[in-house]
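Protein chains in written order, with the working numbering: chain A, 5 to 338; chain B, 5 to 338.
Please keep in mind that the hints were generated in silico from the structure rather than gathered at the bench.
Some hints could be false.
Short, incomplete list of chain B residues facing chain A, as computed with Cβ under 8 Å [claimed, not checked]:
1. Ala67
2. Asp70
3. Ser101
4. Val106
5. Pro231
6. Ile234
7. Thr237
8. Val240
9. Asn243
10. Leu246
11. Arg286
12. Glu288
13. Asp295
14. Leu331
Please read these numbers as outputs of a predicted model, since none were measured by experiment.
Every residue gets a Cβ at the ideal spot worked out from N, C-alpha and C, and that includes glycine.
Number of protein chains: 2
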Amino acid sequence: MSELALAAFAAHTDSHLITAPRGERFARFQRDFDERAYLADLDRRGLRWLPRSLPGFPRSLVAIFDAPAGLFARGQAELELLDRPAVAIVGARSCSSYGADVARMLGRELAAAGLVVVSGLARGIDGHAHRGALEAGGLTVAVLGCGIDRNYPAAHSELANRISEHGLVVSEYAPGVEPAPWRFPARNRIIAGLAQATVVVEARERSGALITADLALEEGREVFAVPGEITATLSVGSNRLLRSGATALTSAADVLETFGIEPESPPAPPDLSDPAARILARLEVEPAGADALARALELDAGDLAAALTELELAGVVSERDGFFRPLAARRMSP
Amino acid sequence: MSELALAAFAAHTDSHLITAPRGERFARFQRDFDERAYLADLDRRGLRWLPRSLPGFPRSLVAIFDAPAGLFARGQAELELLDRPAVAIVGARSCSSYGADVARMLGRELAAAGLVVVSGLARGIDGHAHRGALEAGGLTVAVLGCGIDRNYPAAHSELANRISEHGLVVSEYAPGVEPAPWRFPARNRIIAGLAQATVVVEARERSGALITADLALEEGREVFAVPGEITATLSVGSNRLLRSGATALTSAADVLETFGIEPESPPAPPDLSDPAARILARLEVEPAGADALARALELDAGDLAAALTELELAGVVSERDGFFRPLAARRMSP
Numbered sequence: 005m006s007e008l009a010l011a012a013f014a015a016h017t018d019s020h021l022i023t024a025p026r027g028e029r030f031a032r033f034q035r036d037f038d039e040r041a042y043l044a045d046l047d048r049r050g051l052r053w054l055p056r057s058l059p060g061f062p063r064s065l066v067a068i069f070d071a072p073a074g075l076f077a078r079g080q081a082e083l084e085l086l087d088r089p090a091v092a093i094v095g096a097r098s099c100s101s102y103g104a105d106v107a108r109m110l111g112r113e114l115a116a117a118g119l120v121v122v123s124g125l126a127r128g129i130d131g132h133a134h135r136g137a138l139e140a141g142g143l144t145v146a147v148l149g150c151g152i153d154r155n156y157p158a159a160h161s162e163l164a165n166r167i168s169e170h171g172l173v174v175s176e177y178a179p180g181v182e183p184a185p186w187r188f189p190a191r192n193r194i195i196a197g198l199a200q201a202t203v204v205v206e207a208r209e210r211s212g213a214l215i216t217a218d219l220a221l222e223e224g225r226e227v228f229a230v231p232g233e234i235t236a237t238l239s240v241g242s243n244r245l246l247r248s249g250a251t252a253l254t255s256a257a258d259v260l261e262t263f264g265i266e267p268e269s270p271p272a273p274p275d276l277s278d279p280a281a282r283i284l285a286r287l288e289v290e291p292a293g294a295d296a297l298a299r300a301l302e303l304d305a306g307d308l309a310a311a312l313t314e315l316e317l318a319g320v321v322s323e324r325d326g327f328f329r330p331l332a333a334r335r336m337s338p
Numbered sequence: 005m006s007e008l009a010l011a012a013f014a015a016h017t018d019s020h021l022i023t024a025p026r027g028e029r030f031a032r033f034q035r036d037f038d039e040r041a042y043l044a045d046l047d048r049r050g051l052r053w054l055p056r057s058l059p060g061f062p063r064s065l066v067a068i069f070d071a072p073a074g075l076f077a078r079g080q081a082e083l084e085l086l087d088r089p090a091v092a093i094v095g096a097r098s099c100s101s102y103g104a105d106v107a108r109m110l111g112r113e114l115a116a117a118g119l120v121v122v123s124g125l126a127r128g129i130d131g132h133a134h135r136g137a138l139e140a141g142g143l144t145v146a147v148l149g150c151g152i153d154r155n156y157p158a159a160h161s162e163l164a165n166r167i168s169e170h171g172l173v174v175s176e177y178a179p180g181v182e183p184a185p186w187r188f189p190a191r192n193r194i195i196a197g198l199a200q201a202t203v204v205v206e207a208r209e210r211s212g213a214l215i216t217a218d219l220a221l222e223e224g225r226e227v228f229a230v231p232g233e234i235t236a237t238l239s240v241g242s243n244r245l246l247r248s249g250a251t252a253l254t255s256a257a258d259v260l261e262t263f264g265i266e267p268e269s270p271p272a273p274p275d276l277s278d279p280a281a282r283i284l285a286r287l288e289v290e291p292a293g294a295d296a297l298a299r300a301l302e303l304d305a306g307d308l309a310a311a312l313t314e315l316e317l318a319g320v321v322s323e324r325d326g327f328f329r330p331l332a333a334r335r336m337s338p
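Model the full assembly from the supplied sequences, consistent with the hints where possible.
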């Protein structure tokens, strides 16, 4: 059976298929299918096809119980990239600033350490994880839930192009397949399948990221969940994961340990002015707005503004809606 | 050997003793010790003594490997209170608003369900846990790290008095013993020892609450840690606990389950006006200040203020420094 014919037939019939269906319809389709012409057309469009039966198909993905017939791919990287140590980072589409900051930090630090960062190109956590990996000059793979020729969501077309420059965009769906809600859980098994570890950053109850985590757990892969406040709906799913077998992620080093990668020692803390250091210590207790900081630390508006700018430039504090939060918890040296 | 003489001798020599020391000094002290007069003096001062060897000594506490010689107590409750199902709630002294809200909610809900809430009368998490239990009209026990006649910290004298009205203040230290840093880890073993489960709400790295949790784990008791943001120093210790054997606490019901107590179904969500409902949904994604809320939800100042007041009165949102946060994450019904 031609796996490419199967993928093309699935696209033709708008269905999800990983094994050849019985019956005359597929048999007829396969008889008429011109594989060489199809491949030539893919090639003209800068697309590649990696069938499941090829030895080069990623070992991690072929191992799952419902591996796709193959993967379509676009991007500058060799397909061998899909066989390297990889971590999936997934989570809520409408994430919080906290989730955005953490996803980006993890994408950056894990890619910098040499892991391939796999995610789903979605808004929110997925996008931030991809962006973090790109910032680090690292490699990242986006797995689509639609045809390989589409960028979904459209708002992430530019991001998909940047991912393609050094990494890969992949899909089990042939060109022309429209995005549809029912394809996303199927897409999630590929995200989990390509990675040896999956990190859930923020997840509401009963969300797609939890499906990815469940699939990873079922396949015996390592699953990390990032703890969040129990008063936040965006952490209900991820905190619940902590109760059902996921490991609490407290820093990128926790993931690297799983891969046997020695984390680099953290960069020396930036040399901060006295007001900036006091503000940072305060924000590490809890995020705050400028007014509350000025009051608590008895700083005048000018000194406060200067110190906050200093902290943002040093990359240790982020701001959103006039509200400042630390980008990492400093730990005591061991 | 008189356990009371031992406790009095420890106070006299400013030492920590759980078994009679060899040597002449204690022997002489014990020969001269007038137990009857000592007990009469305690009684005059409204204090009681419960020696370890008495059958009424709490079973949970006698079971630990270094049980105290006995407990001094003050308060209106029967000493039998110390033998009832109890949960310890401990955490950082300089806690965040998040920690304060969660400690108070847990104190309230666990006491309302009939558990005795045990803590250490300290500032921060301890105090909020005691206050929550009192708000619920429940029973709470404060364990001191100083003599039973002291209130430490002094700022919590009033709280100690309110605890005494229906509950108990206890200490292994006789009247006159001054608070000292080295006594607090010893005090923590009594907090953990009196309880069948210990909850850590917020804990910095290498903090007293982690000592309490370790003692509880060593004694095979259940330990819960409340997840917090990995960018907050106050959650470094509690999140780390999640990696080392503690169970993630996502609601009071998680603790009640351990005790085989059926949690009451949560109260029906309050009937909120449309602006209030929109604000709450927004805050459940992430805490925010009034300005950001007004902008995001396009509410004018008057409507916003009215809706925020409505949310605070309904008990679903708390405010600190102009910053609003939800008091619980609403979940989908199962």
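To see whether the hints hold, each was checked on the structure:
no., hint, result
1, Ala67, "27 Å, violated"
2, Asp70, "28 Å, violated"
3, Ser101, "6 Å, holds"
4, Val106, "7 Å, holds"
5, Pro231, "3 Å, holds"
6, Ile234, "5 Å, holds"
7, Thr237, "4 Å, holds"
8, Val240, "5 Å, holds"
9, Asn243, "5 Å, holds"
10, Leu246, "4 Å, holds"
11, Arg286, "11 Å, violated"
12, Glu288, "4 Å, holds"
13, Asp295, "6 Å, holds"
14, Leu331, "6 Å, holds"
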